[in-house]
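Listed below, chain by chain, are the residues.
2 protein chains.
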Amino acid sequence: MASLKVPATVPSPSEDAEQLRKAFEGWGTNEGLIISILGHRSAAQRRAIRQAYRQSYNEELLKALDGEISGDFERAVLLWTLDPAERDAWLANEAVRKWRPENRVLIEIACARSSGELFAVRQAYHARFKRSLEEDVAAHTTGDFRKLLVPLVSAYRYEGEEINLTLAKSEARMLHEKISDKAYNHEELIRILTTRSKAQLIKTFNHYNDEFGKPVNKDLKSDPKDDFLAALRATIRCICCPERYFEKVIRLAINGLGTDENALTRVITIRAEVDLKVIAEVYQKRNSMPLERAIKGDTSGDYEAMLLALLGQEA
Amino acid sequence: MASLKVPATVPSPSEDAEQLRKAFEGWGTNEGLIISILGHRSAAQRRAIRQAYRQSYNEELLKALDGEISGDFERAVLLWTLDPAERDAWLANEAVRKWRPENRVLIEIACARSSGELFAVRQAYHARFKRSLEEDVAAHTTGDFRKLLVPLVSAYRYEGEEINLTLAKSEARMLHEKISDKAYNHEELIRILTTRSKAQLIKTFNHYNDEFGKPVNKDLKSDPKDDFLAALRATIRCICCPERYFEKVIRLAINGLGTDENALTRVITIRAEVDLKVIAEVYQKRNSMPLERAIKGDTSGDYEAMLLALLGQEA
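So the sequence lines, in the order shown, correspond to chains S and G.
Per my numbering, the very first residue in the first sequence carries number 34; after that it's consecutive.
Per my numbering, the very first residue in the second sequence carries number 34; after that it's consecutive.
Just so you know, the hints here were simulated from the structure itself, not pulled from any lab data.
A couple of the hints might just be wrong.
Pairs count within a copy or across copies, as identical chains cannot be separated in the list.
Below 16 Å or equal to it, Euclidean Cα-Cα: the simulated EDC-like pairs (lysine to aspartate or glutamate) are [claimed, not checked]:
1. K163 / E195
2. K163 / E192
3. K163 / E194
Just chain S, with the same shape it has in the complex (with noise of 0.2 Å):
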């Protein structure tokens, strides 16, 4: 369930593009005003107020806000402001540019989104950067990184309930052999975790802790850390539970050392018009707080704000 709330009735976008217009002028920037309108219109009212704004003033609403605001609010208020697929294939272009084996982006636009989602992304990505998102992460991954991320993001998975239960045994028993013997890396693990429709996986890592006395991913850890082990158990996550994936990402970037505020306005801004009032749910389960508690312990100022209003504060 999404956490954004909405209100019954909404200015028209030329309206809300106006405010947004007023906000920016004379001395400073009203960013209240600019919380009250974005944070709380639907994906459809946000692209309807950046047509009408550039009609009206011959100017990307982005490009205006970029002007006006800094910092980590900035960074909140446009990703959240631009189309799902877009704000995707933005960061699956930022994830690719700076390629660090421990980064978890493209897995998570890859696997915790729908098929016909991940294609859209794949357009948008075509679209923005004049090229494909599976040409960069070839380009810019290595090793078994690459092998594991370019069919990842490639992957158009069937998504009817069809299940094949006597495949789903083969493959679990598969999975067993190659991670019993260390072969992580295998091109049938590969395989298996990067065409098999979701469901028919789910089945499969049922079939794994039923036979095998153990969930996959607690045979996926390894002592020392390992990134690619950890990319690994974070492809099955998105697969089996984004929620509690998410909700993972979200106490890490709070518990950490400082927080990690690129990683919590991404789930913030990607989950709070799909699931973010489940991942909050989810969230105040597992570490005995609300999650606008914590958010609120670990922020502040415009920043703070702009995210609690996604997280489902009144406007």
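On the provided structure of chain S, position chain G as indicated by the hints.
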């Protein structure tokens, strides 16, 4: 340019459906009537006829055809009657189920279609086979072929005209290095062929020719024959010059020991609404004989008549 000839005025879809029903009735089948209708209708018109047939007779037209006709004629009519994306999905599934290293169908579908057309094939594959295309390709192929075919069928190549000249030069050198080392299955070689845009690849191949004095495909020739090298050459030809590639498929289908009807039917049905007129011109230049005459010499009966209709013979 398409070869298909559609009359200036065509009957309504339900009139066409009624005529087809008549062709199936009574003693024997009126094959000529089937050809005169289906062999002269566009994809959109055939789709409307199938719909009208279903509404009028509560039966699938393809199923009715299946009961009435047989052999090469049946295969030609059924493949032709399908929508392009459905046809490709059907051919891809057949190629996957009976996969052999010399099979080129998956390469053709991946490389001699636009990015949007390939994606439509993947959607049609979901709808018809309840699995994803890349999932089946990955599960049924092995070794180097899997390394090539899975990214090929999963690609969504950028289609703009932008070219990076520096990249074309460096990747031409990289291709030359791998080919000189006989590292034909090297992941960089496969990355380049499977992810770069067609415009970029054509520039890269041109640069290869300029710098190393030979077309890349000449350097990929081998003696004795090697199916994987042939697959790489087919990939390159489908990207650079699909008309010449398909002319060669037709030529080999006709000139071989006995006619390869499946290959002939495939190319004629797939390209009749795309560029079969150009392919026929290339054929005539290369073989000093009109394609029409070559087909007349190698086929007979209703099958011959159907192919000639798709080649542009008037109804």
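Hint check:
no., hint, in the structure
1, K163 / E195, "between (37 Å within a copy, 7 Å between copies)"
2, K163 / E192, "between (29 Å within a copy, 8 Å between copies)"
3, K163 / E194, "between (35 Å within a copy, 9 Å between copies)"
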